[in-house]
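*Asks:* Going down the list, the protein sequences come from chains A, B and C.
Residue 128 in full-length UniProt numbering sits at position 128 of the first sequence, with consecutive numbering throughout.
Residue 108 in full-length UniProt numbering sits at position 108 of the second sequence, with consecutive numbering throughout.
Residue 171 in full-length UniProt numbering sits at position 171 of the third sequence, with consecutive numbering throughout.
Some hints here could point you the wrong way.
Copies of the same chain look alike in the list, so a pair counts if it works inside one copy or between any two.
[As the list claims (entries may be wrong)] SDA-like mimics (lysine to any residue), calculated; alpha carbons at most 20 Å apart, straight line:
1. LYS27 to PHE115
2. LYS89 to PRO117
3. LYS89 to ARG190
4. LYS27 to ASP141
5. LYS89 to GLY187
6. LYS27 to ARG140
7. LYS89 to LEU51
8. LYS89 to GLY31
9. LYS27 to TRP191
10. LYS27 to ASN169
11. LYS89 to LEU172
These aren't lab readings, by the way, just hints derived from the structure by calculation.
Read off the chains here:
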Amino acid sequence: MELFFYWFDHLGVAVFAISGTLLAFRKNMDGFGVIVLASVTAIGGGTTRDLILDLPVFWAHDPTYLYTIAVAAVGTIIWLRFRDYIHQKTLAIADAIGLAFFTVMGAQKALEAGFPPLICVVMGTITACFGGMLRDVLARDVPMVLKGELYATTCLVGASVYVFIAPYNALLALLVGGFVTLLLRLGAIRWQWHLPVFHEHGDSR
Amino acid sequence: MELFFYWFDHLGVAVFAISGTLLAFRKNMDGFGVIVLASVTAIGGGTTRDLILDLPVFWAHDPTYLYTIAVAAVGTIIWLRFRDYIHQKTLAIADAIGLAFFTVMGAQKALEAGFPPLICVVMGTITACFGGMLRDVLARDVPMVLKGELYATTCLVGASVYVFIAPYNALLALLVGGFVTLLLRLGAIRWQWHLPVFHEHGDSR
Amino acid sequence: MELFFYWFDHLGVAVFAISGTLLAFRKNMDGFGVIVLASVTAIGGGTTRDLILDLPVFWAHDPTYLYTIAVAAVGTIIWLRFRDYIHQKTLAIADAIGLAFFTVMGAQKALEAGFPPLICVVMGTITACFGGMLRDVLARDVPMVLKGELYATTCLVGASVYVFIAPYNALLALLVGGFVTLLLRLGAIRWQWHLPVFHEHGDSR
Chain A
1 MELFFYWFDH LGVAVFAISG TLLAFRKNMD GFGVIVLASV TAIGGGTTRD
51 LILDLPVFWA HDPTYLYTIA VAAVGTIIWL RFRDYIHQKT LAIADAIGLA
101 FFTVMGAQKA LEAGFPPLIC VVMGTITACF GGMLRDVLAR DVPMVLKGEL
151 YATTCLVGAS VYVFIAPYNA LLALLVGGFV TLLLRLGAIR WQWHLPVFHE
201 HGDSR
Chain B
1 MELFFYWFDH LGVAVFAISG TLLAFRKNMD GFGVIVLASV TAIGGGTTRD
51 LILDLPVFWA HDPTYLYTIA VAAVGTIIWL RFRDYIHQKT LAIADAIGLA
101 FFTVMGAQKA LEAGFPPLIC VVMGTITACF GGMLRDVLAR DVPMVLKGEL
151 YATTCLVGAS VYVFIAPYNA LLALLVGGFV TLLLRLGAIR WQWHLPVFHE
201 HGDSR
Chain C
1 MELFFYWFDH LGVAVFAISG TLLAFRKNMD GFGVIVLASV TAIGGGTTRD
51 LILDLPVFWA HDPTYLYTIA VAAVGTIIWL RFRDYIHQKT LAIADAIGLA
101 FFTVMGAQKA LEAGFPPLIC VVMGTITACF GGMLRDVLAR DVPMVLKGEL
151 YATTCLVGAS VYVFIAPYNA LLALLVGGFV TLLLRLGAIR WQWHLPVFHE
201 HGDSR
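Bound-form chain A, shown alone (with noise of 0.2 Å):
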């Protein structure tokens, strides 16, 4: 199980990797800007986490996950030597898979400490989308975290499903936390599902 996790989290790393790769690359950065956008998405939110709980920082005392970093960025680029352009939706789309890994993974690791349990929703929410909003503010983008379509919304949604299942089974909390997630962050992008957005005027639209 515990092993379990361990990939789980290696694999939200490598996305998130890919996607500040994806980014940098739109933005004409050079090599190292990219190892540096990509390592701010995929260990930024966790970093966030690991500080405010005053648990050890999860990669340093483990430098597997700035291979995985180095691989997934890496990879990328190799990869998008072959393709011409980039999709803005594989953006997107890479963005909201790590967004369901690291949601949950992130309430998982407060509720093990034993923090309480709308702690752990903020938790995973934070986990989730600092890195994101890192990467946005160093590359002057505008936060999507504050503009997107609900985009820490079901982060929050995704967390406190994980955080009520999980003292039942914590595996299936994991699985179903991380679907609605997804689910939901997809579905927000092809429907363009939105908060009313408030405006100077007072009207919501």
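Use these hints to put chains B and C onto chain A, whose structure you have.
*Replies:* Chains B and C in isolation, oriented as in the chain A frame:
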């Protein structure tokens, strides 16, 4: 006394959450963007302080802070439904009150943990200014703290006053330090006091 | 030896504070904006390193670092009163010297705390690059680390050299690692070396 500080802290969180909500509103963010910006503004400074001082992050073990943020943000949104627009000034005044609270509470927490006076002054300033700085970075505004009229300087003065009086009377220090911060900030807004601005040609105006 | 490292650290803080002050100056910030930007540049990287490695933040218990920053920032401002403008180059060279100091000092601190070599290399890079990255984000510039000529790559190489030599001779490692970083960075500025930039159409130039 302990309890008094606790409510002070919540009051500071509430006014900063309002300030974050108002900016999110001005930037036409969606419902969750509002919550993210309100939270970052309200707890970003205190979180930074607790991480640097290696204390437990204040809201990680006490979810009531998050309820305070939610109530303040939702309350602000509801209030805005019945008013047509937001005065730029309202935003600045909510910010000034939060600034005063956070300055003295931040310095107090560092002092209680036994840090040297200068570090306590800096921690008061960080507690008060970092939330708003993160808010402005996320919302892609010029950080007030870098351009604003005596913004961080007021915190520095207020925290110094607090640290100076605190050994004699903790409550008095809190009140005087807080009022000094608030009055300086309101005065700076009202009469546009500012420190010399440095220009590339070397003349300060 | 311990004392030697301590002065090295202060020297690094001073040159990065100068680099932050120069940027604040170019951006026409007020007196306190200068202090904030100088501080973030000077201690942002080391703070990030200490937080991730779960070590006590280096300046929280030793306020002399803050005095160093204040002296460096005020000294720079006074110096600028007698000179009419700032060479873009001066900024880049101050930055390069700070980069070299921080790279080896960051790797050294991680190595001393018993972290694996790869993590030490990354920590050297974070110590050197994160302060400048935060500076650029706050000043709303494109982070040098993402666009710059071999910016972070020089730290990576310098820190690797340090980690490789350190088991044999700590002081030699410090000097060689630092010089490699400095020379690579100055060479990169002088001859505009850069890593291949990746373009959306897949051709790297």
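*Asks:* Could you run down the list of hints and mark each one as holding or not?
*Replies:* Consistency of the hints with the structure:
1. In the homo-oligomer, the alpha carbons of LYS27 and PHE115 never lie at most 20 Å apart, since the shortest distance is 39 Å inside one protomer and 34 Å across protomers.
2. Within a single copy, LYS89 and PRO117 get their C-alpha atoms no closer than 34 Å, and across copies no closer than 38 Å, so neither meets the 20 Å cut-off.
3. With identical chains, the CA atoms of LYS89 and ARG190 are at most 20 Å apart within one copy only, with a shortest distance of 10 Å there and 40 Å across copies.
4. In the homo-oligomer, the alpha carbons of LYS27 and ASP141 lie at most 20 Å apart both inside one protomer (10 Å) and across protomers (15 Å), since each shortest distance falls under that limit.
5. When the C-alpha separation of LYS89 and GLY187 is checked against a cutoff of 20 Å, the pair qualifies only within one copy, where the shortest distance is 13 Å, while the shortest distance between copies is 40 Å.
6. Taking CA atoms no more than 20 Å apart as the test, LYS27 paired with ARG140 passes in both settings, with 10 Å inside one copy and 16 Å between copies.
7. With identical chains, the CA atoms of LYS89 and LEU51 are never at most 20 Å apart, being 32 Å at best within one copy and 36 Å at best between copies.
8. For the homomeric pair LYS89 and GLY31, neither the shortest alpha-carbon distance inside one copy (23 Å) nor that between copies (24 Å) is at most 20 Å.
9. In the homo-oligomer, the alpha carbons of LYS27 and TRP191 never lie at most 20 Å apart, since the shortest distance is 27 Å inside one protomer and 23 Å across protomers.
10. In the homo-oligomer, the alpha carbons of LYS27 and ASN169 never lie at most 20 Å apart, since the shortest distance is 43 Å inside one protomer and 42 Å across protomers.
11. In this assembly of identical chains, LYS89 and LEU172 lie within 20 Å of each other by CA distance neither inside one copy nor across copies; the values are 29 Å within and 51 Å between.
Hint compliance for this structure: hints 1, 2, 7, 8, 9, 10, 11 are broken, all remaining hints hold.
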